[in-house]
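S.K.: Heads up: the sequence lines are chains A and B, in that order. Residue numbers for the first sequence follow the numbering used here, so the first one is 1 and each next one is one higher. Residue numbers for the second sequence follow the numbering used here, so the first one is 1001 and each next one is one higher.
None of these hints come from the bench; they were simulated from the model. Please read all numbers here as calculations on a predicted model, not as lab measurements. Keep in mind that the hints are not guaranteed to be accurate.
So the derived list for chain B, only partly shown, Cβ under 8 angstroms to chain A, looks like this [as the list claims (entries may be wrong)]:
(1) Thr1032
(2) Leu1044
(3) Ile1093
(4) Ser1097
(5) Phe1105
A virtual CB, placed ideally from N, CA and C, is assigned to each residue, including glycine.
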Amino acid sequence: GENVEQHPSTLSVQEGDSAVIKCTYSDSASNYFPWYKQELGKGPQLIIDIRSNVGEKKDQRIAVTLNKTAKHFSLHITETQPEDSAVYFCAASMGNFNKFYFGSGTKLNVKP
Amino acid sequence: GAVVSQHPSWVICKSGTSVKIECRSLDFQATTMFWYRQFPKQSLMLMATSNEGSKATYEQGVEKDKFLINHASLTLSTLTVTSAHPEDSSFYICSASRETGELFFGEGSRLTVL
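If we strip away everything but chain B, and leave its shape as in the complex, we get:
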């Protein structure tokens, strides 16, 4: 299957700092990428849809100023958690949609805010 790389796989930061997570599609161009948040033993919660060259579309209840998404190229999208707080600690997963319709996920990033 196609490869989507996500980095870092885990990060620990202090409360009030910002953290950037990168998502790259390594072997295909991804016009659309999605960012999810996953709580323990729960399903994937869609945060936003990221389209190359345009503003992200956020799901209801997701603060766009808290979770900044940039999709600067067809192979890279970034999620920046600004002024992180302990309640932002979670598992964040990106995914990229191929033109044939399949959706491939990154390995996930475990964020712990102290």
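Next comes chain A alone, as it looks inside the complex:
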């Protein structure tokens, strides 16, 4: 089955700096890669996603890149703000209502 690995497990940055979280996957059949933000005591919220036919996608301060050859994808957050502090999860799916495989999560702490 698919295996998704996520690094780092914790990340501390100064407000205004950039943050990068990386994930790798094992199954080349995976074609959909979402990123979720989870605040304490809440369900994960979809913040950005990318499909295998695209190499990069950007939405304001967040961007995701995908390298299909190397089977890795990354989340980039620029100009971080304290409200970006949360746990971020990457995931991989083969689409068509198949299961999603999640990374182990990254706790991001943005220091004011």
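Since the structure of chain A is already known, use the hints to place chain B on it.
M.R.: Positioned in the frame of chain A, the structure of chain B alone reads:
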């Protein structure tokens, strides 16, 4: 983004009782819903995949008689924790898959069994 509503957000019950958690997709029809359990500071553990009108598919190690899942309509799935015990205390989260492939989560339900 799409809205998935989960209720109740928290529940406290006595050991031996059953608890039902509802998950609704409010603005799209969800053929497939997933139920997860999350322990503190850990990732999401998939419990089962729920398909409308058919039996749920449980992950290995998840007791189907303990965690009853019903997906009676395209917008509603329920998880019933039967004969709950303190070790069932956890954060349970549902999610619904849209036909375009995106997965949206509910707000989660915190279950505490006394």
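S.K.: The hint names B/Ile1093 as touching chain A; please verify it with the least Cβ-Cβ distance against 8 angstroms.
M.R.: 5 angstroms, holds
S.K.: Classify the hint on B/Thr1032 as holds or violated, based on whether any CB of chain A lies nearer than 8 angstroms to its CB.
M.R.: 4 angstroms, holds
S.K.: Under 8 angstroms is the threshold here; is the Cβ of B/Ser1097 close enough to any Cβ of chain A for the hint to stand?
M.R.: 5 angstroms, holds
S.K.: Verify the interface restraint on B/Leu1044: the C-beta must sit less than 8 angstroms from at least one C-beta of chain A.
M.R.: 5 angstroms, holds
S.K.: Report holds or violated for the interface hint on B/Phe1105, using the least CB-CB distance to chain A and a cut-off of 8 angstroms.
M.R.: It holds, given that the least Cβ distance between B/Phe1105 and chain A is near 4 angstroms, below 8 angstroms.
Checked against the numbered hints above, the structure violates none of them.
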